[in-house]
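With the hints as a guide, dock the two chains, each given alone in a separate frame, to form the complex.
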Amino acid sequence: MNILAAESANPLLPPVGEIIVGLITFGILVFVVIKFVVPRFEQVFQARREAIEGGIERAEAMQAEAKAALEQYKAQLAEARNEAASIRDQARAEGQQILEELRAQAQAESERIVARGEEQLATARQQVVNELRGQIGTLAVQLAGQVVGESLADDARRSGTVDRFLAELDGMAAGSPDGRTGGATSVSGSTR
Amino acid sequence: MTSSASALGSVLAAEGSGGDGFQAPTIAEFYPEPIAEFSILGVAFEITRITIISWIATAAILALLVLAVRKPSIVPGKMQYLGESGYSLIRDGIARDVIGPKGLPFAPFLASLFFFILANNAMSIVPFFQISPNSKFAWPLVLAVIVWVMYNWVGIREQGAGRYFKDAAVPPGVPAAALILVTPIELLQVFVIRPFTLAVRLFANMFAGHMLLVVFSLGTVYLLTVGNFSVIFSPFAFAMALAMTFFEVLVIILQAYVFTVLTATYLNGAVEPAH
Chain A
1 MNILAAESAN
11 PLLPPVGEII
21 VGLITFGILV
31 FVVIKFVVPR
41 FEQVFQARRE
51 AIEGGIERAE
61 AMQAEAKAAL
71 EQYKAQLAEA
81 RNEAASIRDQ
91 ARAEGQQILE
101 ELRAQAQAES
111 ERIVARGEEQ
121 LATARQQVVN
131 ELRGQIGTLA
141 VQLAGQVVGE
151 SLADDARRSG
161 TVDRFLAELD
171 GMAAGSPDGR
181 TGGATSVSGS
191 TR
Chain B
1 MTSSASALGS
11 VLAAEGSGGD
21 GFQAPTIAEF
31 YPEPIAEFSI
41 LGVAFEITRI
51 TIISWIATAA
61 ILALLVLAVR
71 KPSIVPGKMQ
81 YLGESGYSLI
91 RDGIARDVIG
101 PKGLPFAPFL
111 ASLFFFILAN
121 NAMSIVPFFQ
131 ISPNSKFAWP
141 LVLAVIVWVM
151 YNWVGIREQG
161 AGRYFKDAAV
171 PPGVPAAALI
181 LVTPIELLQV
191 FVIRPFTLAV
201 RLFANMFAGH
211 MLLVVFSLGT
221 VYLLTVGNFS
231 VIFSPFAFAM
241 ALAMTFFEVL
251 VIILQAYVFT
261 VLTATYLNGA
271 VEPAH
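So the protein sequences, as listed, match chains A and B.
Residue 98 in full-length UniProt numbering sits at position 98 of the first sequence; the count goes up by one each step and never skips.
Residue 251 in full-length UniProt numbering sits at position 251 of the second sequence; the count goes up by one each step and never skips.
So that you can see chain B by itself, here it is in the shape it has in the complex (with noise of 0.2 angstroms):
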């Protein structure tokens, strides 16, 4: 059973004993029960519906992927279309835009980025799945320490581990006594406040997402099953659900994109020299 379905079984029951009013979905929603678990190496391991659902939310991507690319030609097919259009939206709008023309070889990595999230972002909505791996923390937490390992990497290697982390330290072009403040900021913020936002922003978004879909699903049931005249709210729960779906796919695009940018601009921000 999963966690929205017993989420639905405790307002069903709270009608049937008559008693304390709508049960509001709770963060138990995001841990559902382990269909596996095991331990390796003393590491615990769950496997959850939503760890299946991210793996198939990845192996659909890659089928997508694999498919397009299966016979390329010159002249693409509907299915080559698609995933050159996708793959240009990273390597000409943001690798190549964002981070110049050093980006393009940080393209692939780019690329998988946006339709790893993209993938994983969309399960929020499809039928039978209705959650985004994306709104358990591992996964974004995953994501950001690699570009956070990534951009520093970068940085390292192109400027060089005395000038990336004195110009980290000291922005050049900041008066002496402002720099009081200004290293401190700017250290916490190239360090920790990038990979961290990085991965909060995804994750609340999805998280975020995922309860205001539950609660208006859930609503629409409640008021139903209420059995007094607030069954005529019923329909505008459920509007409000379907309009939140549709706003849903909204944040699904645009949280794989956010993400994607943002990273290019920590990669350029490694790549160039400070000015």
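Bound-form chain A, shown alone (with noise of 0.2 angstroms):
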């Protein structure tokens, strides 16, 4: 089409070749964006948004165990915290125990102490006795022989007065706890 020609053309009624040409553009255009370019689109969009609400359910999931590890800790503590005042009564208790045996022990041990001091006491006291009843004997007899001279020298009649004046001592020695005033009581007596 010339220059000429186109001065008297109408713009509004185009050569039906340009429209199959601009037909034909459009549909290699159409037929490449449905075909490649938007399911690629639509595909990232998936994944996006797949990636985007496993993220949120993967935190979701996190913070829930999160949740129910603070929780088991919560009780394992206050389980700790139960058994460590229980176990803290016990030791209390325990201790109590101890205390109170020893407590015992040392009473016992102290009443056996006693006991045996007194009884040491006892053997040592009946010994002395035996000792001084001995002595006291030939002392008084030495005492007596000085005091009435020979007239006593003779035995028999010498262990006579001895015997009945042990025997006074005895008595005299049971009848009071404390032997040796009742012995010195004696020894007076017999002196008299």
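Hints were generated in silico from the structure; no laboratory data involved.
Some clues are possibly wrong.
No farther apart than 27 angstroms at their CA atoms in a straight line, the calculated lysine-lysine pairs in the DSSO-like style are these [claimed, not checked]:
| id | chain 1 | residue 1 | chain 2 | residue 2 |
| --- | --- | --- | --- | --- |
| 1 | B | LYS166 | B | LYS102 |
| 2 | A | LYS35 | B | LYS78 |
| 3 | B | LYS71 | A | LYS35 |
| 4 | B | LYS102 | A | LYS35 |
Predicted model, so just to flag it, every value in this text is computed and none were measured.
Right, here's the structure in full:
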């Protein structure tokens, strides 16, 4: 179409060939866009949506897990506290018991020591009394001999006198728990 | 030689012959010399500069889109982000919000429409091309006819032929007496005016935009070369050409968006029975 012809052309009446060319051009674009471009975009959108939703789900799961762990720790902590308290109570009770036992033991020990001391004391006293008895007899006889001279040298009489004196002494010792005082009294008594 | 160049030639020639003043660009702008001419089955094909520009624009936008989805990943790269933004604008902003939940299956078609118009419109300001294939009525007409066939087909499929045509002719809620006026208007609107305005709106915008740019560009040259004090007015014409170029950017994007939104609106009317 030359320029002179164009001068008279109506721009609103395009030639059929041009329409077909435009149709084909647009058709190719539509085909490529629908067939290749849009599916890829949709695929990316889908993947992105899933990634975001998956992320949220994962975060929720993690949060639930953390919460469960926290609960567990709290329970364990409470349990441990209870246990500690019971152990403490038990220890206190045990300590009390040990203390009681020790006290009882000490009491028994001290009682035993006291008893043995008394026993030893009694034995020693008996010994002293026995020893003294002989010595006192001898001494008294010597003393009496010196006092009355040779008149009492006769054995028979002397032994009778001594035996009687000792029996008297024993009776006094049995009457008074204090042997020494009793002895002294008997001695003084026999002296008279 | 492009038609703009020949117009420039005639401007310079007019200056040379000291002749008859400024030669305004004519409609011949849109009828460049064919590069190839052939005929198939009696239909004459002319491959012109504008045809080639349309192929370049379509190939470029396809290359960008394919590049954007070449290695799709959850965390997008720059190209993928750009492509996703464009597709999301149509998918969520138009298909889902205008048509509703049933609109998502139309998103690929609407996106194709938007990208095609955007790329072809953009050629009106790309240096060395500087004419949009959409300023040839054939391209908007093809798109509008496809949209027309589509929304009628969807309407018949979704609502049934009887219901669809009845609702189109007799809108519910209209008093019987008003039908004598409403029915012809409605029928005319749905089946004739909608596709026609859709095509003409896009065509006229690109056509007029190109004419404005050419007028101010040629005017700049004419005022520079006419050889008297009018040289001082040349910068004003140049500034106006620049301003109109920026305005053209707005028109390029807006018309692509408007065409897509209106298509979605018509599809919505077809998907949802009239209230």
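Taking the earlier hints as the rules, which of them does this structure contradict? Checked against the structure, no hint fails, so every one of them is satisfied.
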